[in-house]
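Quick note on numbering: the sequence shown equals residues 409 to 530 in my numbering.
Please keep in mind that the hints were generated in silico from the structure rather than gathered at the bench.
In this text the structure is predicted, and so the values were computed from the model without any measurement.
Mixed in with the good hints there might be a few duds.
What the hints assert, rightly or not - Quick list of the computed label-pair ranges, beta carbon to beta carbon:
| id | residue 1 | residue 2 | range |
| --- | --- | --- | --- |
| 1 | Gly490 | Val432 | 34 to 44 Å |
| 2 | Asp446 | Ala492 | 32 to 42 Å |
| 3 | His429 | Gly471 | 28 to 38 Å |
C-beta: ideal position from N, C-alpha, C; glycine also.
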Amino acid sequence: MIEGRITGRLLDAAHERTGQHGSVYVTARVRANAGDGDGEAVVVNVIAFGAQPCAALRALDEGDALTVTGALTPRVWTDKQGMARPAIDLVAHRVSSLESDLRHAADAGDATGQDSTDDVTR
Numbered sequence: 409m410i411e412g413r414i415t416g417r418l419l420d421a422a423h424e425r426t427g428q429h430g431s432v433y434v435t436a437r438v439r440a441n442a443g444d445g446d447g448e449a450v451v452v453n454v455i456a457f458g459a460q461p462c463a464a465l466r467a468l469d470e471g472d473a474l475t476v477t478g479a480l481t482p483r484v485w486t487d488k489q490g491m492a493r494p495a496i497d498l499v500a501h502r503v504s505s506l507e508s509d510l511r512h513a514a515d516a517g518d519a520t521g522q523d524s525t526d527d528v529t530r
């Protein structure tokens, strides 16, 4: 098993699913740039079972930047033109995102009647 950290953007909204035995999990797809950022994008297929990564993925919107840490498995798939393409499967242990943190801080400010954006940017 390889432990890794991937940073990228959410390709679409995360999906909550229920397993055969009633366990809830969340899946998402992340677009990460390979190499120094100029390279080809790699699609990372993320699955989360724990409370923290599931909640963090559900709180994000399409296009939000995030960092996912967990066990990863590199794969290769073949596109319609017969070209081999890289992909990564990742079981998320932790998910973090500035967008989600800012959204939660703004929501907390709305609930208290304060402008929380001042607190977040200091």
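- prompt: Of the numbered hints stated previously, which ones are contradicted by the structure, given in increasing order?
  reply: 2
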